[in-house]
Amino acid sequence: MFPIVTRRFRHIATARLIVITILLQPLSLSAADFRGRSVSVTNYGAAVTMGVRNPVVGSHASFQMLGSLNYAPEHRHIQTGWSRQPACGTNSSVFVEVYNPPDNPGGYNNRCNLATPAGDADYYHEYDGSTGYWCHGYQGTCIESRTAASGVGFASATNFAVFGETSDRAAEMGGPSQAQAIWLTNVNYKPTSTSGSWNAATQSLGSLSYGSCPGTCPYGYQWGYAANTLYTNNWTN
Amino acid sequence: MRSHDLYKMAVIFGIVFLLSGTAVAAAYLEPGAGADSVSSKNVLNEEATDRSSNFDDILTMSSDNDSKPDEGAGEKISSRGFEEQDLTLRRTDSEPPISQNEAMEAVYDLGVPWGRGDDWERGPVTVDAHYGLATFGEQGNDEVWLGPRNVPLPSGEVLDHVEERPMWIIDYGNTVFHASGCPDCAEPPDYDHTVYAIDAETAEVWFVWGYESD
Chain U
584 MFPIVTRRFR HIATARLIVI TILLQPLSLS AADFRGRSVS VTNYGAAVTM
634 GVRNPVVGSH ASFQMLGSLN YAPEHRHIQT GWSRQPACGT NSSVFVEVYN
684 PPDNPGGYNN RCNLATPAGD ADYYHEYDGS TGYWCHGYQG TCIESRTAAS
734 GVGFASATNF AVFGETSDRA AEMGGPSQAQ AIWLTNVNYK PTSTSGSWNA
784 ATQSLGSLSY GSCPGTCPYG YQWGYAANTL YTNNWTN
Chain G
28 MRSHDLYKMA VIFGIVFLLS GTAVAAAYLE PGAGADSVSS KNVLNEEATD
78 RSSNFDDILT MSSDNDSKPD EGAGEKISSR GFEEQDLTLR RTDSEPPISQ
128 NEAMEAVYDL GVPWGRGDDW ERGPVTVDAH YGLATFGEQG NDEVWLGPRN
178 VPLPSGEVLD HVEERPMWII DYGNTVFHAS GCPDCAEPPD YDHTVYAIDA
228 ETAEVWFVWG YESD
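So the sequences go chain by chain: U and G. Residues 584 to 820 (my numbering) make up the first sequence, in order. Residues 28 to 241 (my numbering) make up the second sequence, in order.
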């Protein structure tokens, strides 16, 4: 019927169709995922009030965090929030992280802390120009200090982000449904290195979304223009 | 439209389709492309797996490990498990307020499935335990402590910082500790070692971290 289609050509076409089919598989084959907002504004820290639950994670992990980061060089960042994963026990626990590749071979330095958040809790991190230190903060208290020079790798960041993340799509993230979402409220950023100065985050700062959506986007695309609020619910639903 | 035209259109469409498929495939298959999506999965630990639920055996093994690099009270204990942490652990002559067995029970009571050193889904769990006086961080500028601070205790009290505190540091291999990534970052590692700092006076786990074996 199609004389120009030789056997070899059919084989090549079949092979390419197989490759195309594999490439077009749903993104659920990928391991980790993020949902949230990254806001492009120079900052010396960020703060948020965040709810907590114990998501079903199996042997994977779920995170709810805020971060300050520089996309260049090397995506250095400092992040504060909570995580649930088997390594840290039955309950979600406060989690802090720094990614500063020169600091150690792997670049990451992170740990779960003793504190177990319940209900809404305040999280922040801030750079203090008078000491040259960053602080991870929980419930209004600095729970860990690091130097900007060698510990974190920067003093100011170009973006801050509020987000949820899983290590695998088999793990839940955020609230169990949109009706029972986890709310991230009172999102603020620190515009200068001076202590005590915080600005509310609004969409007018030029926020950009990130995270891919396998279908609809049930998570993280609700950023109140004035209310500096983000809500999250389980994207696996 | 004539059938001949339809045939030509079908052939043209097919060629375009295959060429685009080749381009997409080439982009994906190019060396280095898509590296961000490649998970740094853990390789099963090939170290000696001295896993055992017999705590006496484990304690003996740990003591052997401890005695190699340094001797005597005050000596710094070195371990791969915390070389990337701001932790200094020094040997002490004092008896631990709790045994290694009890420290591992504290990990287990936290809800950690490998707390007792039993097999986990990645296979045999290795255990490497050290006891000593632990200091997390150091004194910084302006009397600000660098490192973990204001440690909340279950009693409701807050510990200013952890300095010369009797602690067990227990390293479990063939386990997993997940790091958090960031927007557009390369996928963070799933460490194959999980390390616990257990306060020996309160028998509580205070910090947990992970690292990837060499």
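I should point out that these hints are in silico values taken from the structure, not numbers from a laboratory. Backbone N, C-alpha and C define an ideal beta-carbon position, used for all residues, glycine too. There may be inaccurate statements among the hints.
[As the list claims (entries may be wrong)] Restraint-style ranges between C-beta atoms, simulated for each label pair:
| id | chain 1 | residue 1 | chain 2 | residue 2 | range |
| --- | --- | --- | --- | --- | --- |
| 1 | G | 169 | U | 753 | 21 to 31 Å |
| 2 | G | 191 | U | 713 | 41 to 51 Å |
| 3 | U | 779 | G | 168 | 18 to 28 Å |
| 4 | G | 229 | U | 780 | 32 to 42 Å |
| 5 | G | 150 | U | 780 | 47 to 57 Å |
| 6 | G | 101 | U | 702 | 36 to 46 Å |
| 7 | U | 783 | G | 229 | 36 to 46 Å |
| 8 | U | 759 | G | 100 | 44 to 54 Å |
| 9 | G | 117 | U | 730 | 36 to 46 Å |
| 10 | U | 733 | G | 117 | 41 to 51 Å |
| 11 | G | 99 | U | 763 | 53 to 63 Å |
Hints and how they fare:
no. : hint                         : verdict
1   : G:169 with U:753: 21 to 31 Å : 46 Å, violated
2   : G:191 with U:713: 41 to 51 Å : 28 Å, violated
3   : U:779 with G:168: 18 to 28 Å : 19 Å, holds
4   : G:229 with U:780: 32 to 42 Å : 38 Å, holds
5   : G:150 with U:780: 47 to 57 Å : 52 Å, holds
6   : G:101 with U:702: 36 to 46 Å : 44 Å, holds
7   : U:783 with G:229: 36 to 46 Å : 40 Å, holds
8   : U:759 with G:100: 44 to 54 Å : 52 Å, holds
9   : G:117 with U:730: 36 to 46 Å : 23 Å, violated
10  : U:733 with G:117: 41 to 51 Å : 23 Å, violated
11  : G:99 with U:763: 53 to 63 Å  : 57 Å, holds
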